[in-house]
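*Asks:* Each chain, letter by letter, is given below.
There are 2 protein chains.
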Amino acid sequence: MIVYTTAHGYYLYCPSYTGYDIFYVVEAKIEFITSGSVTSPRGFQAGATYAGIKRKADDVLDLGILFSEVPCAATALFTTNRIKAAPVISSQRCLQSGRASAVVVNSGCANACTGEPGLADAAQMAELAAENIGVSPEDVLVASTGVIGQRLPMELIRTGIKRVVISMDGGRKLARAMMTTDTVPKEAAVAGRVGDTRFIIGGVAKGSGMIHPNLATLLCFLTTDAAVDIDFLRLALRKAAGVSFNMISIDGDTSPNDMMLIMANGLAGNKPISPRSRQADAFQQALDQLCIYLAKCVVRDGEGATKLIEVTVSGAPSVAKARLAARAVVSSPLVKAAIHGGDPNWGRIMSAVGQSGVEIVESKIDLHIGSICVVKAGCPLSFDNQELVNLLRSSQVPINLQLNLGTATATAWGCDLSEEYVTINSQYMT
Amino acid sequence: MIVYTTAHGYYLYCPSYTGYDIFYVVEAKIEFITSGSVTSPRGFQAGATYAGIKRKADDVLDLGILFSEVPCAATALFTTNRIKAAPVISSQRCLQSGRASAVVVNSGCANACTGEPGLADAAQMAELAAENIGVSPEDVLVASTGVIGQRLPMELIRTGIKRVVISMDGGRKLARAMMTTDTVPKEAAVAGRVGDTRFIIGGVAKGSGMIHPNLATLLCFLTTDAAVDIDFLRLALRKAAGVSFNMISIDGDTSPNDMMLIMANGLAGNKPISPRSRQADAFQQALDQLCIYLAKCVVRDGEGATKLIEVTVSGAPSVAKARLAARAVVSSPLVKAAIHGGDPNWGRIMSAVGQSGVEIVESKIDLHIGSICVVKAGCPLSFDNQELVNLLRSSQVPINLQLNLGTATATAWGCDLSEEYVTINSQYMT
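Those protein sequence lines, which keep their order, are chains A and B. For the first sequence, numbering that gives the first Met the number 0 gives the first residue as 0, with consecutive numbering after it. For the second sequence, numbering that gives the first Met the number 0 gives the first residue as 0, with consecutive numbering after it.
Example chain A residues on the side facing chain B (calculated, C-beta under 8 Å, incomplete):
1. N80
2. I82
3. C112
4. V146
5. G148
6. R347
7. G353
8. E358
9. E361
10. C378
Everything labelled a hint here was simulated from the structure, so no lab data went into it. This structure is a prediction, so every number in the text was calculated from the model and none was measured. Idealized CB from N, CA, C, for every residue including glycine.
The following block holds chain A by itself, in its conformation from the complex (with noise of 0.2 Å):
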């Protein structure tokens, strides 16, 4: 990530496959780090290796570890998938203990619908990675994103995992050990102060993206120096997730391994911050930013993506229907296929809004493309057609769908379906 800072905050540069797009503006409260990354928090260390895991290409990494030079409380979030891997499953366990020093994490295999053998491969690779970095087996979490059904190849990881060096500044090689069908690595770090303290919150997201990811297995580590209370630290994650990863358009497909875990080691040296204090509300900001940061990251990156569509809605009766609502829209894959074409077809928006769930009435909906008013109180208005396409064109489209039910927003994201795949909806009108 680039950052420009100007006087009315910061336009964040992310990565994408074509170059770097602006595609993010902040208030100038949240200071995002130039090349921050996981290890950008005090005592954090990470290192990648090539295992073997994944096929052989120039630069590839597979297999990587990220550690805490003192132990971290530690959280995380699961995937809701009922077919839960067996890293999902080790990790769930040593969570309980609200305490964490590491993660190893290989991609290439998932370590899914493995059974038992796959919990003991698991289990294993958390001892490897304990006796290369010193720690105890329980302090270590296990992540894998890859193919489903196949057993992680031990002897590899056994000797691969003996490889891995770890430093202060390894978590750009982390952040590709992670990739499958990403491009780019999602990476970057804030900071924000608590009293006098200032302290870090780190963060690495890889995802395939868009409407169909190679099982749409989305990986997120978040570490902080802060010092937080494991009660405060399990409920901020929750607040960062409902407002950025479950607010991008996976298209339905729930990984058996998705993971999103914080670990805060406390190295900053702020008295622990706990629920409800002026302090909370300083780190949770910084955190929602972050997650909101790396959550684009991960829709831009989408197979094939070539835009970014951003949805808001409004005039909810409450927040869970206007993220329903937003949710809808943007998981639409004719919205999207639409979109991506430069096809002015906005009754696919409606469509998309009429079937979310959402109790909404037809006739007190505004919809606004852009600065484009397209339908006022349920009835369409005549626009400039070729202003709209010229709108649909550009390289992020802002959505606005105001429900006139109540006062709740919500916005989500996501990108465009492209490929010869979506030639038939995409030119549907034009």
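Starting from the structure of chain A, add chain B where the hints point.
*Replies:* Chain B only, in chain A's frame:
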């Protein structure tokens, strides 16, 4: 449809854009009629014309009428989308009486999101059709399919409708007038007996099928010369939808225009069929088989589809849960992409059922693809990989999931995902 009769039953050849595929075998007790259509039952007539609503192409029709010589008991199921097209609202009102004589249908414009003027257009379309065929406008239903958010070109409809000439062999013309991105018309008829009386049920459907149908608009009109009690007719239609159109993958995109209608004119002369009678069973079976056939025609004609996927879930705690699980598998873009590429990535099937919302026990699941047992009691088995690849490459792929949690069973149908777009996902493992 071509019907080939053997001692064991019927082989039905379904039209597809590549020619004809066998894809359905029924027992001898259900009699499918060769070249059957919506006008096969006594007393039904239909006709269509090109009014100019769709873009001109060779041999295009876009406006049609279906008519019964005597008034019918009639009922329909409508879209669950909260954005409802004007023709849906108009037809819902009309059917409160439980009676109808005709349907007027157009393609090329959905007349949805058109506010009060759209409702007036739908009403006028019914009046124009009523005038043409000499019935009361209250007895004429309206259906539309096409682009959302545009007004109907009423001038074209006014002049076009006068050119619609109905006849007893007009079923095929009606089927063509309903098509949007469909590549083949979908129609069939079955015969059955109640006591000494032979009755016929005819049907026509349109649906652009596949993963991204053009708003999944599904229209299905069913006609029968059987005399049927209106209460039983409502029940029978709902049951038939439950095993047919509600069990095909239309990718979560429910259009504002969906409509599944049945009209019974009683010209067969039987005593009206009432619920829970032996006659009710005979009628239900014939109706179910007809609807399953038409539903499979819809998915088989999915945009770019090259094969039919049939997923049966058994051992479920309830039929509702079996249906939910089976639908989740045929709706998964990742499963569809893998099957398109002949990629033996069976883990995606497990993952899809895991995220279906149905409570499963991973260690109890058996998974068969064709005759190959891939997973037994939750553990992967070794199998001949090439044999599985060959199976996935055939034009019909049967998948069986045994949950071992109960006795309920359901079957769902879907099609593969083709085109460049899925290249990444379909080559993930091979």
